[in-house]
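Peer 1: Sequence:
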Amino acid sequence: MACSKTFDNKHFSARKPAKGFSLIEVMVGMIIFFLLFGYTVRALAPTATDSHNLLRGVTVAMNACNWYLNDLERRINYLGELPASDLGENDVTMLFSENDFSDIRMLRNLRATSQVSLKGDLYNMRIEFRWGNHDSDYKRPHNFELSRLKTRPEI
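Just so we're aligned: 40 in my numbering is position 40 of the sequence shown, and the numbers increase by one with no gaps anywhere.
Since the hints were derived computationally from the structure, they do not count as laboratory data.
Backbone N, C-alpha and C fix where the C-beta goes; we use that ideal spot for every residue, glycine too.
Hints are supplied without guarantee of correctness; some may be wrong.
Across the chosen pairs, the derived CB separations fall in these ranges [said to hold, decoys possible]:
| id | residue 1 | residue 2 | range |
| --- | --- | --- | --- |
| 1 | 63 | 88 | 56 to 64 Å |
| 2 | 39 | 113 | 38 to 46 Å |
| 3 | 62 | 32 | 27 to 35 Å |
Below, computed lysine to any residue pairings styled on SDA-like, alpha-carbon distance capped at 25 Å [what the hints assert, rightly or not]:
| id | residue 1 | residue 2 |
| --- | --- | --- |
| 4 | 150 | 126 |
| 5 | 150 | 66 |
| 6 | 150 | 90 |
| 7 | 150 | 87 |
| 8 | 150 | 80 |
| 9 | 119 | 59 |
| 10 | 150 | 116 |
| 11 | 150 | 122 |
| 12 | 119 | 73 |
| 13 | 150 | 103 |
| 14 | 150 | 84 |
| 15 | 119 | 142 |
| 16 | 119 | 69 |
| 17 | 119 | 66 |
| 18 | 119 | 97 |
| 19 | 119 | 82 |
| 20 | 119 | 150 |
| 21 | 119 | 92 |
| 22 | 150 | 62 |
| 23 | 119 | 98 |
| 24 | 19 | 29 |
| 25 | 150 | 86 |
| 26 | 150 | 118 |
| 27 | 119 | 81 |
Please put together the full structure from these sequences, using the hints given.
Peer 2: Right, here's the structure in full:
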């Protein structure tokens, strides 16, 4: 006698694969990502550090130059004119100490030069900062220059 029993397909069909990732696959993927990310950051970090130091250095130089020119303007307003010793080109690096400017130490090999001239009643005041990123950074010094015009007050 032949067996006429029908079989239900749902019992013998192939099992469908589970959707998603297993915990092992996720962990291996994360380890590979962090290793590659770490090497990339390490490779690019020196460039980013130099750029960051330059940006901070320009900010410090700008603040110090503004302070110096404001001081010159204050003395012109108070005294009516600047002493002859302040006219011409002067090295004013020693005026910028760590006591007054806490971040000035990051401007390695700093050289600050001031140039003040008087034509009639008009002062032309200019200050230039030159520095490097490192103590041995003489090859590519950075510079920042700021200038202002100031009239002699009527006394």
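Peer 1: Against the structure, test the hints numbered earlier, and report the numbers of the ones violated in rising order.
Peer 2: Numbers 1, 3, 9, 13, 15, 18 and 23, in rising order.
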